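Trainee: Following the hints, complete the assembly by docking chain B onto the known chain A.
The residues making up each chain are set out below.
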Amino acid sequence: MDTGFDFTVILTNIVYFFIGRFPHGTLGGIALTLYLAVISCILSFFGGLILGLMSISHNRIIKYCSMALLNIIRGMPLLMVIFWMYFLLPAFMGRTVSESWTVIMALTLFTSAYMSQIVKAGVEGIPKGQTEAGLSTGLPMWQVMVYIVLPQGLRNMIPSFVNQFVSMIKDTSLAFIVGVSELTHVATQINNRTIIYPTEIFFFIAVIYFIICYAFTSLSRWLEKRLAWRR
Amino acid sequence: MFKYQFDWTVVTSGQYAEWLLSGIKVTFELSLLSIVLSFFLGLLIAVMRMSHIAPIRWLAHGYLEFFRNTPLLVQIFFWYFGSYKILPKAFNDWLNNTNFEFAAAVIALTIYTSAFIAEDIRSGVRSIPKEQMEAARSSGFSYLRSMQYIILPQAIRLTIPPLINQFLNLTKNSSLAMTIGVMELTYQARQVESYTFKGFEAFTAATLIYVVISLIITGLVTLYSKKILSPMKAH
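Residue numbers (my numbering), protein chains in the order written: chain A, 4 to 234; chain B, 1256 to 1490.
Read the hints as simulated data drawn from the structure, not as lab findings. Errors might be hidden in some of the hints.
Here are some of the chain B residues that sit facing chain A, going by a computed Cβ distance under 8 Å [unchecked claim]: (1) Phe1321; (2) Thr1434; (3) Gly1454; (4) Thr1462.
Everything numeric in this text was worked out from a predicted model, so none of it was measured. Every residue, glycine too, gets a C-beta built ideally from N, C-alpha and C.
For reference, chain A alone in the conformation it holds in the complex (with noise of 0.2 Å):
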C-alpha cells in the first residue's frame, strides 16, 4: 500500500484544472465552475425576486400557487431537479438543449425558491406603514414595492444573497451527474486518467472550492457587520 504523497499531478494538469481545454476546446473547469454559478445567481435572483413577491401577493390563487410549487422544489434533492430537467427541458423546448443550460435551469428553478424565502423575509422586515404612506400617497402597490419598499428590503438582503451564492458554487459540483466539465468533473476525469492519485485530486479540488467560498462567506459576514452599522 502506498501512504506517500505526490502532488506532481497537479502541478502538470494546473492548467486542466483552471481552464479545462479552453483555448482549443470549450471552457472547463474552475472557469466553468464560476461561470455557471454567477449566470444562474443572476437568473435566480429575478426568479427569487418573483417567487417571493408572488408569495406575498394578496390574490390568494398567486398566493397558493406559488407556495405549492416553493414547497415542492424545496422538498426535492437538487440531483432529482437536474434530472428533471435533463428530462423535461428538450421536451417542452422542442429541441436538444446543452448540458451546461440543462444545469444553468435547474439550479436557478431550486436556487430561486430559497432566495424566494429572503425575498419574502426582507420585505416583511420593511415597516408596514411604509406600505401605507405609500398606497395613501396614491401610487399603486407596483410603485409601492419597486420605488419604496425593495430598494430598502434589498439592502438587508445583501448578506444573505451571498451566502446563497456560496451554496450556488458548491452546488455546480453536481453538473458532474450530466457530464459538464467544471471543476469536479474534471477532478474526476484526471483522477480516471491517473487512477493512483485521488488523494491528492479530491483534496486539491477542495481546497480549491475552500478558498472560493470562505472568501464569499467573509465577504457576507463583513457586509452584515457594516449594513447592521449603518441602519
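Mentor: Then chain B, alone, in the frame of chain A:
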C-alpha cells in the same frame, strides 16, 4: 404536449416498484445512520468550539469552516476514492470487507452535516443567559458537567427546529450517494428510467416520496415551534 404513453403500472407494481421500494429502504438507512452520527459529532464540535482552550477552539473552527465551504460531492469522492491513503490499514481492510460505497457515503454525510449542526447548537447555547453557566460553575459543576446537565439540555430544545431542518437536508443530500453507486432512491429511479424509458413515471414517484417526507417533517417542526417552543419562550 408531446406524444408520450403514460404507464403508471411501471412504478406501482412488479419488479420496478420493488427497486424503488428497496431504494427507499436504503435512503432511510443511510439517512438515519448519518443523522445519529452527525448529531453526536456536531455536539462534540460545538462543545470544542466553545472551549476555553484556544487550540481546541481553533481546531473546531477550522473543521467547521473547511467542511461547510466544500461541496458535499467532492467530500464523497474524497472519502470514496482517496481515503485509503490517509486511513490506517486495518480500518481500510475492514471497510473493504463491508459495503464500502455505503460506508463512504455515511462518513461524508456525517462530517458534512456535523459542521452545520455544530453551528446551530452553538447559536442555541449562545441564547442561554450567561448567568446559567456562572451559577452552575459557582455551585461546583465543572465546565463539561455544566454543559451536560444545565446548558445543553436547554439549548437543544431551542435548537430542535434548525436541527430537524439539517436532518431533512441530509436526507435530500443522501441522493448524492448514487454517484458512487449506493442504490438509494434516486439511483433506483434512474435505474427504472434506463430499463423502461418511463422516466416521467419513475422521477414522479421518487419526487413524490421526497416531497412527502419533507412536508411531514416541516409540518412537525412548525407544530413543535408553535405548541412547545413559543409557550416556553413566553415564560
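Trainee: Taking the hints in turn, state whether each one holds.
Mentor: Status of each hint after checking the structure:
no.: 1; hint: Phe1321; result: holds (6 Å)
no.: 2; hint: Thr1434; result: holds (7 Å)
no.: 3; hint: Gly1454; result: holds (5 Å)
no.: 4; hint: Thr1462; result: holds (6 Å)
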